[in-house]
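Between the sequences and the hints, there should be enough to build the whole structure, so can you do that?
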Amino acid sequence: MKTLKYLSFILLVLAVACEEEPVEVVFADLGKRSGVFISCEGNFMYGNASLSFYDKVNKKVYNQVFYARNRAPLGDVAQSLASDGKKLYVVVNNSGKIYVLDPVTLEYRGAVTGLVSPRYIHFVSAEKAYVSDLYARQITIINPQNLQKTGVIDVSDGSDNSSRHPTETFVQAGKWLFVSCWSYDNTLLVIDPEKDQVVDSVKVPKQPQKMVLDKNGKIWVLTDGSYKGAPGGYENPALVRIDPETRTVEQIFRWSQEARHPGDLDINPARDTLLVVAGGFYKMGVDDSRLPAAPFIAAGNRLFFSAGVDPQSGEIYLADAVDYAQNAMVYRFSPGGAVIDSFRVGISPGDYLFN
Amino acid sequence: MRRFFFSLFWLGLVGLPAAGQSLRDTVHIREVQVLGRRRVEEAGLTVTRPDSLAMVSGMTTDLSQLISQYTPVFIKSYGRGSAATANFRGTAASHTQVVWNGMNLNSPMRGSADLSLLPVFFVDEAFLLHGGSSLTEGSGALGGSIHLGNKPDWAARKTVAAVAERGSFNSGKYLGRWQLGGSRFKSVSRIYYEDSDNRFSFYNVGVIPYRRDTLENAGYYKAGVLQEFYFRFSEEKIAALRGWYQQSHRNLPQLMSYEGSDREEYQDDDHFRAQFELKNYGGPVQYQFFSGANFTRLHYFRQSPDLKFVNDDSNSRENSFSNRLKLQRKFSSKIMATASLDVNYHQVEVANRVRETGYDASRLESGLLLNVQVKVADRLAMFVLSRAESYDSRLIPFIPAVGAEWQLLPAFPLFLKTNLSRNYHKPSLNDLYWLPGGNPDLLPEDGISTDWALTHESQTPGAWKQELSFFISKINNWIIWQPASNGAYYWEAANVKEVLSRGLEYQFNGKAAWQKWVFHFSGNYAYTRTTNQHAVSSVDQSRGRQLIYIPKHSGNLHLTAAFQRWSLQYDLGYTGRRYTQSSNEWTHFESVLNPFWLSTASLQKQWEFPALTVSAKVMADNLLGADYQRILWRPMPGRNYLFTLGFSWKK
Chain F
1 MKTLKYLSFI LLVLAVACEE EPVEVVFADL GKRSGVFISC EGNFMYGNAS LSFYDKVNKK
61 VYNQVFYARN RAPLGDVAQS LASDGKKLYV VVNNSGKIYV LDPVTLEYRG AVTGLVSPRY
121 IHFVSAEKAY VSDLYARQIT IINPQNLQKT GVIDVSDGSD NSSRHPTETF VQAGKWLFVS
181 CWSYDNTLLV IDPEKDQVVD SVKVPKQPQK MVLDKNGKIW VLTDGSYKGA PGGYENPALV
241 RIDPETRTVE QIFRWSQEAR HPGDLDINPA RDTLLVVAGG FYKMGVDDSR LPAAPFIAAG
301 NRLFFSAGVD PQSGEIYLAD AVDYAQNAMV YRFSPGGAVI DSFRVGISPG DYLFN
Chain P
1001 MRRFFFSLFW LGLVGLPAAG QSLRDTVHIR EVQVLGRRRV EEAGLTVTRP DSLAMVSGMT
1061 TDLSQLISQY TPVFIKSYGR GSAATANFRG TAASHTQVVW NGMNLNSPMR GSADLSLLPV
1121 FFVDEAFLLH GGSSLTEGSG ALGGSIHLGN KPDWAARKTV AAVAERGSFN SGKYLGRWQL
1181 GGSRFKSVSR IYYEDSDNRF SFYNVGVIPY RRDTLENAGY YKAGVLQEFY FRFSEEKIAA
1241 LRGWYQQSHR NLPQLMSYEG SDREEYQDDD HFRAQFELKN YGGPVQYQFF SGANFTRLHY
1301 FRQSPDLKFV NDDSNSRENS FSNRLKLQRK FSSKIMATAS LDVNYHQVEV ANRVRETGYD
1361 ASRLESGLLL NVQVKVADRL AMFVLSRAES YDSRLIPFIP AVGAEWQLLP AFPLFLKTNL
1421 SRNYHKPSLN DLYWLPGGNP DLLPEDGIST DWALTHESQT PGAWKQELSF FISKINNWII
1481 WQPASNGAYY WEAANVKEVL SRGLEYQFNG KAAWQKWVFH FSGNYAYTRT TNQHAVSSVD
1541 QSRGRQLIYI PKHSGNLHLT AAFQRWSLQY DLGYTGRRYT QSSNEWTHFE SVLNPFWLST
1601 ASLQKQWEFP ALTVSAKVMA DNLLGADYQR ILWRPMPGRN YLFTLGFSWK K
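Each protein sequence line maps, in turn, to chains F and P. For the first sequence, the working numbering assigns the number 1 to the initial residue and increments by one for each residue that follows. For the second sequence, the working numbering assigns the number 1001 to the initial residue and increments by one for each residue that follows.
Worth flagging that the hints you see were computed from the coordinates, not collected in a lab. Glycine is no exception: its CB is placed at the ideal position from the N, C-alpha and C atoms. Don't take every hint at face value.
As the list claims (entries may be wrong) - In silico DSSO-like cross-links for lysine-lysine, where the CA-CA straight-line distance does not exceed 30 Å:
id	chain 1	residue 1	chain 2	residue 2
1	P	K1617	P	K1511
2	P	K1308	F	K149
3	F	K283	F	K59
4	P	K1237	P	K1279
5	F	K86	F	K60
6	P	K1308	F	K203
7	F	K32	F	K60
8	F	K128	F	K175
9	P	K1617	P	K1650
10	F	K175	F	K203
11	P	K1308	F	K195
12	P	K1308	F	K128
As the list claims (entries may be wrong) - Here are a few chain P residues that face chain F, going by a calculated C-beta distance under 7 Å:
id	residue
13	Q1541
14	W1633
15	M1636
Below, the structure is given as structure tokens:
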């Protein structure tokens, strides 16, 4: 009887262990199709970032395409996507690296490693690209041809950590490259890409992040204002218009205190309308004199996290992060705001690259 | 599978000799080791006590390993030497209260306790109160509570014990305990030190191309000293004075996918705990009084050494003062009552030098308990209790619980235990005041739960015992950190979830002899279904899904064969599939952590001399070299070895 008891328990433990294995992810070459790559941040310190591709024509989404092709995880916090026309770059922030992929097959072609906290990449030429960094106090210069680090642009102002310049997004206006400095900062740095030097700076409201260039050649900057109780203080979020020629702030549009915190800024293909995720999804003409009173697309009980705008069709891809711990829902809208499709991607989709 | 499970339980019942055993008549609270007998003061409570064999086997481990191996509680561990918290019955880490000689060790700042910083060697007894049973000792334990105790060996005048252990990855542990004194006074001193380079090899599938890597920046050391003084004024009146200082330094390794610049990241913890306790078991009113202080310092540091850039340099100070007066009165042979009053004060300072953020906050909390235990009949005992508590400016006037224990058949030692309770859990000070995202308007988490347990134990102490429990609890206002409601980039605490937790727990242990062999066997199994019942939007797929990192199935089996002075032990542990997404997505490789089995084998030899015992043990951990992850993308070591040498001397 006792033997039976021992055997019973062992069988019990074995029984509960007989579980199924996850399903394999299968997909075909995607780079030849008309669609959009979507990088999904995942959760910080979970290492569950992912890459999705949405086929616009067939209305079909392919998730986990990086893993499916390369049999390795993308890493921790996929911050942004970029392409130089020859290769696809995925900046993986908390893995300290940039994965470089074949744009058609998504096969691994190499990586830029040894970075501190990379955020965005900007291509200056075929041999030179800049990588912004949240914590390095420098912009790393890489050669996209051989993926070697070729230099740095020192962006530190010489003071201690609290007055660092954490570089974020880039926008090119003529010869000059503007880079926003986000975390606890309030600066746009102006870089001369020929000399790889910071040549000037522009003070803006607190925490500038996303930037776009409009049809008038003006730079629009979205600032989130930090948070209440922050050491450097808090202010209402703002949309800021900059004249890149004079490097001056022309106008500041302040969001009201009741407004939701802005999170993403895009512009339509004609570059005459700003598109802002701020709770709801807002539209604002670049010549308008005030912020929109009502959202173009109301959030309802959705958590709009990011948006991508198709540079050809003007269609809008708007992500609902749901609870930030499950696969997010992306809604595809016509430029007029009609729902075309919806699909699920990975956790917290943050950046969009149209193919 | 459930049919199979119940079959096993009934097999256990019928396979052992029946023996008449009634609930004990005596209800005094004298400290006695009770084996195979019922304690009326525990009637209706679901209690787990790791047996003495478990305590000995786990002597050189930390509490997280003891609990995960010898109880049905799931431990979420970040790896060797790293932080480990309990998910009791599928609840959050802060829903398990850890209590040392009556003093709560949970951090008032974070709400949880790091079990990896509690060495088993510093504990003489441990027991767990499951679910609502924990209300007899305190509130806030929505999952359950873990109670640790110290006591001297009054029977011995002088004892000395020492253990040295060396293992793979340049790991070492050194433990010492000595006791002095006579029949009126005892001094017990303990000291421990452990360290490890923790540089182990693993096959890294988190990078391209895959490669064999070595875990870097994972070393740690922990050291502590515990001094206890006991004064026995009479047989029934004892005073204790205890002081515990502990220090640890733990490097924090990166995820497997990390290929960035060098990072230096570590956490230092310093604890100093002191308590005075006075117990009187005699007279019509028995009492226990204690007053204690707990000072904790936590330093978290992260920098990129190449750039000399410091990301975080955070210092937290927690100062807690605890006081309790507990009175017990036996009115008759069938009725006893307990009343206790707790008054605690916590003060927390958090300051991040680099980010220039932090907060100072304090909390005064008090609680009053009234508990009446009645032996209604020879085979039936019940309890009714109510707590009233206050914290900050909030009053929770009525936290009730009722329970009963019934011996089902007069001639058969089978007991049915049940209880029904309400419980609540205060938000931690981080939940309320952390910048950014702390929410001063948080409500306490509010739960209602019930337990039903069948217990069967043989008349011969230790020969066989098994218990099957079913539990269900619903927790409202579950606090989680989620993206800020105003859309900001930071996260904030909110009362958003309703969580339903239900499941089964089964435990057994026994002993058998054959010729010169003695066999010990024990095990546990937990089926835990803990689901989110709340979904905001129609596309939210988390409704009805298992909470992340909580396995539905987990269990352990321990077999020991002893022959004269030799003993061979085999331990087998199973952790079921765990999800890492709230929607329980499992089609993607990193949305699920696969089940794993871990086995350990050890061989021990003892040499007995007059007053002296020497032992040597060799152990192989992860015997079969299982490739597994406890936390997503954090590697775990393969097979590794330990060699332990110990001696104890008693006079």
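How the hints compare with the structure:
1. P:K1617 x P:K1511: holds, 21 Å
2. P:K1308 x F:K149: Roughly 19 Å between the alpha carbons, so the hint for P:K1308 and F:K149 holds.
3. F:K283 x F:K59: holds, 25 Å
4. P:K1237 x P:K1279: holds, 6 Å
5. F:K86 x F:K60: holds, 24 Å
6. P:K1308 x F:K203: holds, 26 Å
7. F:K32 x F:K60: Answer holds: F:K32 to F:K60 is near 14 Å, not above 30 Å.
8. F:K128 x F:K175: holds, 15 Å
9. P:K1617 x P:K1650: holds, 21 Å
10. F:K175 x F:K203: Given that 30 Å is the threshold and the Cα spacing comes to 20 Å, the pair holds.
11. P:K1308 x F:K195: holds, 26 Å
12. P:K1308 x F:K128: holds, 26 Å
13. Q1541: holds, 6 Å
14. W1633: Cβ of P:W1633 sits 4 Å from chain F, so the hint holds.
15. M1636: Hint on P:M1636: violated, closest Cβ of chain F at ~15 Å, above 7 Å.
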